[in-house]
Amino acid sequence: MTSSPPDPVFEQPWHAQLFALTVSLNEQGYFSWPEWAEKFGATLKIHGVARSLNGGEDYFLAWLDALEGFLSGRGLAQTDEMRVLKEAWTEAYLSTPHGSPVSID
Amino acid sequence: MPHDSLDHDHAHSVLPSDPALRVKALETLLVQKGLIDPKTLDAIIDTYENKIGPQNGARLVAKAWSDPDFMAKLMSDATATALELGFYGRQGEHLVAVQNTEAVHNLVVCTLCSCYPWPLLGIPPSWYKSDAYRSRAVREPRKVLAEFGVQLNEDKEVRVWDSTAEIRYLVIPQRPLGTEGWSEDALASIVSRDSMIGTALVEVPQ
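The listed protein sequences correspond, in order, to chains A and B.
Per my numbering, the first sequence starts with residue 1, numbered consecutively.
Per my numbering, the second sequence starts with residue 1001, numbered consecutively.
Don't read these hints as lab results, they were simulated from the structure.
Given the structure is predicted, the values throughout are model-derived calculations rather than measurements.
Mixed in with the good hints there might be a few duds.
Here are the simulated DSS-like pairs of lysine-lysine, each with C-alpha atoms no more than 25 Å apart in a straight line [claimed, not checked]:
#1 A/Lys39 <-> A/Lys86
#2 B/Lys1039 <-> A/Lys86
#3 B/Lys1143 <-> A/Lys45
#4 B/Lys1051 <-> B/Lys1063
#5 B/Lys1156 <-> B/Lys1143
#6 B/Lys1033 <-> A/Lys86
#7 B/Lys1073 <-> B/Lys1063
#8 B/Lys1033 <-> A/Lys39
#9 B/Lys1051 <-> B/Lys1039
Chain A stretches covered by chain B per the calculated footprint, using a threshold of three residues with CB under 8 Å from any CB of chain B [to be verified]:
#10 17-30
#11 40-50
#12 56-62
#13 68-78
#14 94-103
Glycine included, every Cβ here is placed at the ideal spot set by N, Cα and C.
Produce the complete structure using the sequences and hints provided.
Given below as structure tokens:
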């Protein structure tokens, strides 16, 4: 554990999107930050049981699990709705020629 | 599916990673439900990638070093005093400043997740979010500090502050000797992010 040169703010675009999604929902009042922090903290704890998290990709994977579960628990986004849209995006990437914009209907 | 890096003629678009697809699905769903606006997301990302960062906290520290009245206000009500410089909002609403002295060194951690004073320091670095730092900073702070290259005298007290979703701490590092008469800009330029978390000291560049 040493101090290193500045990290990029977000290592992956999806980390940034996930962060922004959560902040936006919070700011619109769908949940308070302490409520979110409690859920996220609990998920980090569960993810950290099997191995020590390094605070990078694994941190945002825990964040994603936490947010999906949190929104599903509050009826804001159901698991099956998320699954269907994920399949739609996957199909869109696999059927869109390389270089063309990917979108779903 | 094997991916031939020499093959530039992909038949289809490169499939994003599984979590990236899950985030896309979640975003699509929330947009469809009218819960979020993609433009808002872009603005939030732009803010944290380009506009907010440790330079904000460094300005606050430099002003406090230069102006004893400002330092006194900062120590008694950091939230209101940071607001004077225009630093407020997201995760900075309940800010507490803790000052390093000859007798005390302060170190900030979030044992729950990664609570952090965003308006002053931006997004926390990976190590701040790691299990190792989050657990060890409380258990063995001197050892952690030594690994960051911070060697403290035995008689110096180390205080560890556990940030929460309600309270965010900012360390006001000690002003180094040899900076007498420096402008606030010059002072701000030597205040690092880590020094405001407590994992570094501020030193005059050689």
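For each hint, the structure was consulted:
Distance hint between A/Lys39 and A/Lys86 is fulfilled; the C-alpha atoms sit about 23 Å from each other, no more than 25 Å. About 21 Å separates the Cα atoms of B/Lys1039 and A/Lys86, which keeps this hinted pair within 25 Å; it holds. Restraint check for B/Lys1143 and A/Lys45: satisfied, since their Cα atoms lie roughly 23 Å apart, inside the 25 Å limit. Of the pairs offered as hints, the one joining B/Lys1051 and B/Lys1063 holds, with about 20 Å between alpha carbons and a cut-off of 25 Å not exceeded.
Simply put, B/Lys1156 and B/Lys1143 have alpha-carbon atoms about 14 Å apart, close enough for the 25 Å limit, and the pair holds. About 16 Å separates the Cα atoms of B/Lys1033 and A/Lys86, which keeps this hinted pair within 25 Å; it holds. Between B/Lys1073 and B/Lys1063 the alpha-carbon distance is near 11 Å, which keeps this suggested pair within the 25 Å criterion. A hinted pair counts as satisfied when its Cα atoms are at most 25 Å apart, and B/Lys1033 with A/Lys39 qualifies at roughly 23 Å.
For the proposed pair B/Lys1051 and B/Lys1039, the alpha carbon gap of about 17 Å is at most 25 Å, so the pair holds. Proximity of the region 17-30 of chain A to chain B, defined as three or more residues with a beta carbon under 8 Å from a beta carbon of that chain, is established by the 11 residues found. Using a Cβ-Cβ cut-off of 8 Å, 4 residues of the region 40-50 of chain A lie near chain B, which meets the minimum of three, so the contact claim holds. Restraint check on the region 56-62 of chain A versus chain B: 4 residues with Cβ-Cβ distances below 8 Å, three needed, restraint holds.
Judged by the Cβ-Cβ criterion of 8 Å, the region 68-78 of chain A is covered by chain B as claimed, because 4 of its residues qualify and three suffice. A count of 8 residues in the region 94-103 of chain A with a Cβ less than 8 Å from any Cβ of chain B is obtained; the coverage claim is therefore met, three being the minimum.
Violated hints are absent here; each numbered hint is respected by the structure.
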